[in-house]
Amino acid sequence: MTTNTGGGGLVPEGPWLIVGLGNPGPQYAGNRHNVGFLVADLLAERMGGRFKAHRSRAEVCEGRVGTPGVSSRRVVLAKPMSFMNVSGGPVTALRDFFKVPVARMVVVHDELDIGYGALRLKLGGGDNGHNGLKSITKSLGPDYHRVRFGVGRPPGRMAVADFVLRDFSGAERKELDYFVDRAADSVESLIADGLERAQSTYNS
1 MTTNTGGGGL
11 VPEGPWLIVG
21 LGNPGPQYAG
31 NRHNVGFLVA
41 DLLAERMGGR
51 FKAHRSRAEV
61 CEGRVGTPGV
71 SSRRVVLAKP
81 MSFMNVSGGP
91 VTALRDFFKV
101 PVARMVVVHD
111 ELDIGYGALR
121 LKLGGGDNGH
131 NGLKSITKSL
141 GPDYHRVRFG
151 VGRPPGRMAV
161 ADFVLRDFSG
171 AERKELDYFV
181 DRAADSVESL
191 IADGLERAQS
201 TYNS
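In the working numbering, the protein residues as written are 1 to 204.
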């Protein structure tokens, strides 16, 4: 994809930055809080790429999504290797390194206030108590795209922190691959088709 410079020349369009949120380390890999990592991993697999350590304190995979040719888009997938509540540092470093405007950033994260597996795509807004979003917004402002992946509310009196830092239940895992696949589809649609079309298809 190219854009006109106004002087008759064409320059390559800059990349999108797609950030999957989670906590680093094998002990967190299956947690509800790490669903952003799961979606990023699937997108990397679809691109035929592999994550590599980056000086921004993140793992990064570069490639293209969408139909090969005019409609494909260059993307940088990233998984911050800081803990969730300080994600803003690595994300800001990635933004600066790859020169990505906030309007071309997508953050994929777990969301308590929608049912398990449901998706909500949006641009801007508050952090709803999510520490990863809170850190990113503090660093970059709120005007980035979000793909909110529903994990539901904790049962009974279970603390929110305990709930999101536990693995998906056995019943949830039976459908997890399908929901992660759908979330990855929604990211690709957001980039290729725009927010409104992606919302009409995936906001459930």
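In case anyone wonders, no lab produced these hints; they're calculated from the structure. Note that this is a predicted model, so its numbers are computed, not measured. Cβ atoms here follow ideal geometry from the backbone N, Cα and C, with glycine treated the same way. A few of these clues could be false.
Subject to a maximum C-alpha distance of 27 Å in a straight line, what follows is the list of computed DSS-like cross-link-like pairs (lysine-lysine) [as the list claims (entries may be wrong)]:
hint	residue 1	residue 2
1	K99	K174
2	K99	K122
3	K122	K134
4	K134	K99
5	K134	K52
6	K174	K134
7	K122	K138
Simulated restraints, written as ranges between beta carbons of each label pair [claimed, not checked]:
hint	residue 1	residue 2	range
8	D167	P142	16 to 22 Å
9	P101	A171	37 to 43 Å
10	S200	G125	17 to 23 Å
11	G126	P101	19 to 25 Å
Now for the hints, and whether the structure bears them out:
In summary, the hint linking K99 to K174 is not supported, as the alpha carbons are separated by about 39 Å, beyond the 27 Å threshold. For the suggested pair K99 and K122, the alpha carbons sit about 22 Å apart, so the restraint of at most 27 Å is met. A C-alpha spacing of about 16 Å is found between K122 and K134, which places the hinted pair at or below 27 Å, so the restraint holds. In summary, the hint linking K134 to K99 is supported, as the alpha carbons are separated by about 22 Å, within the 27 Å threshold.
In summary, the hint linking K134 to K52 is supported, as the alpha carbons are separated by about 26 Å, within the 27 Å threshold. Proposed proximity of K174 and K134 is contradicted: the alpha carbons are some 31 Å apart, above 27 Å. A hinted pair counts as satisfied when its Cα atoms are at most 27 Å apart, and K122 with K138 qualifies at roughly 18 Å. Between D167 and P142 the C-beta distance comes to about 30 Å, which lies outside the given range of 16 to 22 Å.
The hinted window of 37 to 43 Å between P101 and A171 holds, with their beta carbons roughly 41 Å apart. Separated by about 18 Å at the C-beta atoms, S200 and G125 satisfy the suggested range of 17 to 23 Å. Judged by the Cβ atoms, the range 19 to 25 Å given for G126 and P101 holds: they are separated by roughly 21 Å.
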